[in-house]
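Start from the sequences, fold in the hints, and give me the full structure.
FYI, in UniProt numbering the residues of the sequence shown are 1 to 527.
Accuracy of the hints is not assured; some may be wrong.
[Said to hold, decoys possible] Here are the computed lysine-lysine pairs in the DSS-like style, where the Cα-Cα straight-line distance is at most 27 Å:
{"hint": "1", "residue 1": "123", "residue 2": "59"}
{"hint": "2", "residue 1": "340", "residue 2": "381"}
{"hint": "3", "residue 1": "123", "residue 2": "370"}
{"hint": "4", "residue 1": "340", "residue 2": "123"}
{"hint": "5", "residue 1": "370", "residue 2": "341"}
{"hint": "6", "residue 1": "381", "residue 2": "370"}
{"hint": "7", "residue 1": "123", "residue 2": "381"}
Worth flagging that the hints you see were computed from the coordinates, not collected in a lab.
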Amino acid sequence: MSLRESPFPNCFVEGLHAVSWGLILPCFWFLDRLIAVCMSTSLERTQRQEQECYLHPLKVFFGFILFLTLFLITAPLAFLGFLLWAPLQAARRPFSYYQEPPSRPTPAEEGERNLGFEAGANKATFGFATANLCLLPDGIARFNNLGHTQRRATAIGRSIVQGVNRPHIRIFVDSPSSCGTLSPSSSLLPGPSTTSPASYGATDPASDGAVPTTTPPKPSDSNYVAGPDDVPWEVSSLFPANVDILCLEEVFDKRAAVKLTNTLGPLFNHILYDVGVYACQPPGSCSSFKFFNSGLFLASRYPVLEAQYHCFPNGRGEDALAAKGLLSAKVLVGQNQKEKKLVGYFNCTHLHAPEGEGEIRCEQLNMLTKWIQEFQVTNSKPDEVVVFDVLSGDFNFDNCSPDDSLEQRHSLFEEYRDPCRAGRVSFGTCPKFPDPFPVSRTLEREDLRKQYISSPVALDGCPMVYPELGQPWVGRRIDYILYRESSISKHCRTVLDLWTQLAGLTDHIPVGLRLNVFLDSDTAQSE
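Shown next as C-alpha cells:
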C-alpha cells in the first residue's frame, strides 16, 4: 500500500490548515521582506559598485517603512491564524508525500523483473547524492550570504535535472594530496604500487563536456584493483548522472520545497518534503517550540514503501528552533526470480550545528543509530532482500578538527562505512562563503583550498598547527554519505563523486555516491 500524499488525516483538517496558513502567510512574507531589504549579499554589493548605483540607501529606507507598515497591519490576522494553526500540528503526519503519476505501465503490468538490474546480469548501480541547500526564508538566508531563495530553488532544481539526464563524462588527474605535479592518471583506481597516489577525476567548470583523457577500467578489466581501502572518486562540475535517491538538507522554506518538488517530480517520481514537526510537541519528543521543520527533503526514483521521522529532543540555542532529526525510508527496487522483493533503506539527517557542542551531536548519533535499527527491524519482511543501506546528510563535524574528536570516534563509523575516510580523500565541503568560485580547481590546488574552504576547528584554548609537517591542507568535510557493509559488502563496489554545479547557489559542496550492487546467483534466485 502506497503512502498517503497529504500529511493530514482528512480533507476537513487539511482545509482548516490551509485557512490558518493563509492568514499567517502575508504577515510572514512582509517580515521576510523587511529583513531582506536591509540585508545585502556580497554579490549584490559588488554589482552595485560595478554599476555605480547610489540609490540603494533610499531603497532600504522606503522599503523598510513600507514592509514594516504592512507587517503591522497584517499581524492581527496572523495571530488569529496562529491560534488555529498551532493545535492542528498535533494531527499532522511529519512529512508530505508527492507521487508523480506513472507515465508508462507499471513493472508488474509489463512483466518486468529485477527492476533496476540489468536483465540476466544480476547487478545494478544505485546513485545517491546529498546537498545542504540553505533554502531558508530569504531574509534569514542572507545571514549566510545567500539571497533570492525562490530563484535559487528553481535554479537548483533545473541544475539537478540537467545533470541527472546528462551522459556521464569524466577526465582523470592525480589526487590533490599528491606533492607532485598534476598529470593525467591511467586508471580510476591506484595501481599495486604503494607509493603511487590515489587518483580521482576532475572536470573544470570552464571545460564542461570535455572528452575524457582516459577511459576508466571496467570491473571486469584485469587492471581493476579494489582493496578494502581503495575507493575510486572524482570531482565533477556537473550534478552526478543517474542519481536514484537524493537527500537535501535545509529546505526549510515551504514555497521553495514546492518549487523543488514540481521541478524534480517528473524525474524523481516519489518525494518526501516538508519533513518535520511544528509548534509544541509531546514532552520528550522535541526540545522546544518549532518554528521550522527539519529541512530534510528526499527524492527517489523508486516507490517509498515505508517512511518514518524522528525529531532530536536535545536541540539547543538557535538550532532548537528547527525540528532537526532523522528521516528513514524503505524503497522498492524490484523483484528477484523467486518473486522476493528487492528493497533498500535510505536514511537522511542533519545534526546539531554549533561548534564546541560535540556531546550533543554524539547523543544524536546514538539516537539515529537506535532509530535506524528499530525502523529496519519493524519493517523487514522474510520475503525481501536488502540491496543497500545508506545514511547521508550534514553531520556538522569533520574528520580533521581537534574540536570534533569525540564525534570522529563514534561507534556509528564501525557500523557504516565512510568511503571518503576509507579512501583517504582530500577535500573539504564547507566553503568559507557561498560566492561563486572555481570549485573544481579549488579542490585540486592547496593554495585555493586555503583561500576558500573552512579550516579545521581547534579545541578551546589549545593552539593548533595545521596541517602537520608534510601533510596537505584539506579543510572541513561535514557532508557525508555512508553505507552499511554488514548486509551487502560482498555484493557491492563503490565509486565516490563530488560535484560542483551548485556552487554559488548554496553554502556547501554537495557529495554523491555510486553503489554497484552485484547479486550472486543464489541471492538473485532465492534469498
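Against the structure, the hints come out as follows:
1. 123 with 59: With a Cα-Cα distance of about 59 Å, the restraint between residue 123 and residue 59 is violated, given a limit of 27 Å.
2. 340 with 381: 10 Å, holds
3. 123 with 370: 30 Å, violated
4. 340 with 123: Holds, at roughly 16 Å.
5. 370 with 341: Holds, at about 25 Å.
6. 381 with 370: 19 Å, holds
7. 123 with 381: The hint holds at about 22 Å.
Checked against the numbered hints given earlier, the structure breaks hints 1 and 3 and satisfies all the rest.
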